[in-house]
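Chains A and B are the protein sequences, given in the same order. Per the working numbering, residue 1 is the first one in the first sequence, and the count goes up by one each step. Per the working numbering, residue 1 is the first one in the second sequence, and the count goes up by one each step.
Treat the hints as calculated values from the structure; they're not laboratory data. Don't be surprised by glycine CBs; every beta carbon is placed ideally from N, CA and C. Do not rely on the hints blindly, as some may be mistaken.
[Said to hold, decoys possible] With beta-carbon atoms standing in for the labels, derived distance ranges:
| hint | chain 1 | residue 1 | chain 2 | residue 2 | range |
| --- | --- | --- | --- | --- | --- |
| 1 | B | 332 | A | 164 | 26 to 34 Å |
| 2 | B | 32 | A | 19 | 22 to 30 Å |
| 3 | B | 129 | A | 68 | 53 to 61 Å |
| 4 | A | 321 | B | 258 | 29 to 37 Å |
| 5 | A | 92 | B | 127 | 58 to 66 Å |
| 6 | B | 104 | A | 354 | 40 to 48 Å |
| 7 | A | 120 | B | 127 | 52 to 60 Å |
| 8 | A | 118 | B | 131 | 47 to 55 Å |
| 9 | B | 273 | A | 347 | 51 to 59 Å |
| 10 | B | 323 | A | 262 | 56 to 64 Å |
[Unchecked claim] A short, non-exhaustive set of chain A residues, derived as facing chain B with CB atoms under 10 Å:
| hint | residue |
| --- | --- |
| 11 | 22 |
| 12 | 36 |
| 13 | 64 |
| 14 | 225 |
| 15 | 267 |
| 16 | 309 |
| 17 | 312 |
| 18 | 352 |
| 19 | 354 |
| 20 | 356 |
2 protein chains.
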Amino acid sequence: MNPHNQLNFSGGPGVLPACVLDEIQQAILEVPGTRLSLLGISHRSDWFASVITELEDNVRTLLGLGTDYHVLMLQGGATQQFSMVPMTLLRGQSKAAEYIQTGYWSSKPIIEARREGAVRVLWSGQESSFNRLPGDNELAFSEDARYLHYVSNETVEGLQFHRVLGRDDVPRVCDMSSDFLSRPCEAERFALIYAHAQKNIGPAGVTMVLMRDDLLDDANTDLPDFLNYRTQINTHSNFNTPPVFSIYVTLLVTRWLLHQVGGLARMDGINQQKAGKIYRFLDASDQFYRGRAAAADRSLMNAVFDLPSPELETRFLAESAEAGFSGLAGHRAIGGIRASIYNALSSTAVDQLLEFMAGFQRKNRH
Amino acid sequence: MNPHNQLNFSGGPGVLPACVLDEIQQAILEVPGTRLSLLGISHRSDWFASVITELEDNVRTLLGLGTDYHVLMLQGGATQQFSMVPMTLLRGQSKAAEYIQTGYWSSKPIIEARREGAVRVLWSGQESSFNRLPGDNELAFSEDARYLHYVSNETVEGLQFHRVLGRDDVPRVCDMSSDFLSRPCEAERFALIYAHAQKNIGPAGVTMVLMRDDLLDDANTDLPDFLNYRTQINTHSNFNTPPVFSIYVTLLVTRWLLHQVGGLARMDGINQQKAGKIYRFLDASDQFYRGRAAAADRSLMNAVFDLPSPELETRFLAESAEAGFSGLAGHRAIGGIRASIYNALSSTAVDQLLEFMAGFQRKNRH
């Protein structure tokens, strides 16, 4: 037990449950039920096949997802999905894809999609420095779009959609990298969901893709095998050597979600409570701590705020580090302070942070 | 210390040095010099930048490689390189690339290269079931080839080139996945070397690419960023979240090679000795254990052999597992027995295996 791991407010890779770290530590020397180190077991072993099967099942159970969805574990991060999605769904198509630009991370896939076909940006928050999300009245979804792509939680700006967007007759594609498995998400209303692991569900090195089978019916599969969803589906994410370690850790996190936490509704309750405490504290700080995001669009995962001056921010980061906290610097793209409070960040750690913040404010009131 | 890890003859992911496993175990809770778990440290931290720098330096030192070479750590396995190489060097070119087909793994990149441009297969061992490698008199290299691609060690068939192929005026591209850093390799005679980690240098999830800078001078860089070598070079393998864990383990293995083993010439000496013992044993077994590869082309990494009958092979695998060995089944593509003896597999473990094999032969002599 290393207490600093529990005060890790990093935007990711970040905190993992302490019990999962303990299990991994053991598995580095010997995985229970095998005689071998986690790093020395073949990806063609029965053991690894059972890891993949259990992980797929756990994700289906957590999200209430039917067998018409494939659950894939791929490499390359969400970034690879920025390309795989339009290579598969947009290349050679006459229809345009609709993208919503709500921040740093939703801007990147637009660039990659434009390499492959026509893209219509339905709404952009660029002019308002991405401090809010669009309302329904600002979004004119077309029935003839090839698909709709959006990002459910903007990690950098601390914005999160608290509803499902789009039309039921146009496939929804969603980058849920930073809030996947943090709450129930009506997964079956999406045709494709992708999420890298290193926020809520594991370490860097693996990305989960959920895909409704019929999405590939008229899709492009003339692609290198490793970029071809069909190849990955047919081989159960074991086309070439998968990132065994990262996949196993992700399995342990899903077990924790199912058996310790008790499912996604419970996880959501805990996350709501944690975020609620932080935002109420910001709102009561008399403009010492200034939240960036519009109140209705605040993220349950990343609370982003500024202090009255850059000097105070530098001091805040130094003193918080001294007090044992880490990862509180805002994203290098926008600066400021960011408290990321993913699934494994405990309510106690939030309390400790708020206590520190209250003390810092008392000492530095201007 | 788990003794079974040291008797792991798997084709990969396989054995890692015991001291490295101990260090990783510690790092799961706390990385020395940081206060955090290896799984919770940001890839944008100073610590991770120093990991990348030291790993690049270690590889340069081990191979005597100049600064005109880039050292990259990428995702997607060697499989991704099967595509990235021709996407970059062959797409839109009039010249053909030359490929040598010496086994299971050199066959796959030929398929992916053909998607991108003209490919000339200089030699194929398919008709002789890949039981030998071509001699120099069988290889007519052209001066007008775009590049030459070959695989230095065929893990499945147990074949290894013990010389550098090709011409100095045509860029050499080599998949060294299964013998990288197992011996000095005259790295500067190659324009591009790639190797996934999970044989000699780390766990699954990261692939090393060494690339001479001028190779990109007239190369195609109109590619998605994650498939663009230039992007990866410019960001020091940190374009999007890299597989931090796998990269750190690989760093620890290079430290072991440098400081415990004492460099690649020493490693080669040990590997020669281990392989020598096995092949002498096979040759002296009176055709009970029958090596697959032609004597001159035998691999120092993978000794592949058959027993007199499938029934004996089944019994051999069962009894060897009972005796504590693992990973001895041949590749699913060709069956038989395979003893993979990568860097971290000790000479003592080889002795134990040979003792077991001698006993098995005595009991089952026909």
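Hints versus structure:
1. At roughly 43 Å, the beta-carbon separation of residue 332 of chain B and residue 164 of chain A lies outside the given 26 to 34 Å, and the hint is violated.
2. At about 23 Å, the CB distance of residue 32 of chain B to residue 19 of chain A agrees with the hint of 22 to 30 Å.
3. For residue 129 of chain B and residue 68 of chain A, the hinted distance range of 53 to 61 Å is not satisfied, since their beta carbons lie about 43 Å from each other.
4. Judged by the Cβ atoms, the range 29 to 37 Å given for residue 321 of chain A and residue 258 of chain B holds: they are separated by roughly 32 Å.
5. For residue 92 of chain A paired with residue 127 of chain B, a C-beta distance near 39 Å fails the hint of 58 to 66 Å.
6. For residue 104 of chain B paired with residue 354 of chain A, a C-beta distance near 58 Å fails the hint of 40 to 48 Å.
7. Distance hint check for residue 120 of chain A and residue 127 of chain B: the Cβ-Cβ separation is about 54 Å, which falls inside the suggested range of 52 to 60 Å.
8. Taken as a hint, the range 47 to 55 Å holds for the pair residue 118 of chain A and residue 131 of chain B, whose Cβ atoms sit roughly 53 Å apart.
9. Taken as a hint, the range 51 to 59 Å holds for the pair residue 273 of chain B and residue 347 of chain A, whose Cβ atoms sit roughly 58 Å apart.
10. Between residue 323 of chain B and residue 262 of chain A the C-beta distance comes to about 44 Å, which lies outside the given range of 56 to 64 Å.
11. About 8 Å separates the beta-carbon of residue 22 of chain A from the nearest beta-carbon of chain B, less than 10 Å, and the hint is met.
12. Given the 10 Å rule on beta carbons, the hint for residue 36 of chain A holds: about 6 Å separates it from the nearest Cβ of chain B.
13. Restraint check, residue 64 of chain A versus chain B: the minimum CB separation of about 28 Å is more than 10 Å; hint violated.
14. Because the closest C-beta pair between residue 225 of chain A and chain B is about 7 Å apart, less than 10 Å, the hint holds.
15. The interface hint given for residue 267 of chain A is broken, as the beta carbon of that residue sits about 19 Å from the closest beta carbon of chain B, more than 10 Å.
16. For residue 309 of chain A, the shortest C-beta to C-beta distance to chain B is roughly 24 Å, which exceeds 10 Å, and the interface hint is violated.
17. The restraint placing residue 312 of chain A at the interface with chain B is violated, with a minimum CB-CB distance near 22 Å, outside the 10 Å limit.
18. With its C-beta approaching chain B no nearer than about 15 Å, residue 352 of chain A sits outside the 10 Å limit, and its interface hint is violated.
19. For the restraint placing residue 354 of chain A at the interface with chain B, the shortest Cβ-Cβ distance is roughly 21 Å, beyond the 10 Å limit, so the hint is violated.
20. About 16 Å separates the beta-carbon of residue 356 of chain A from the nearest beta-carbon of chain B, more than 10 Å, and the hint is not met.
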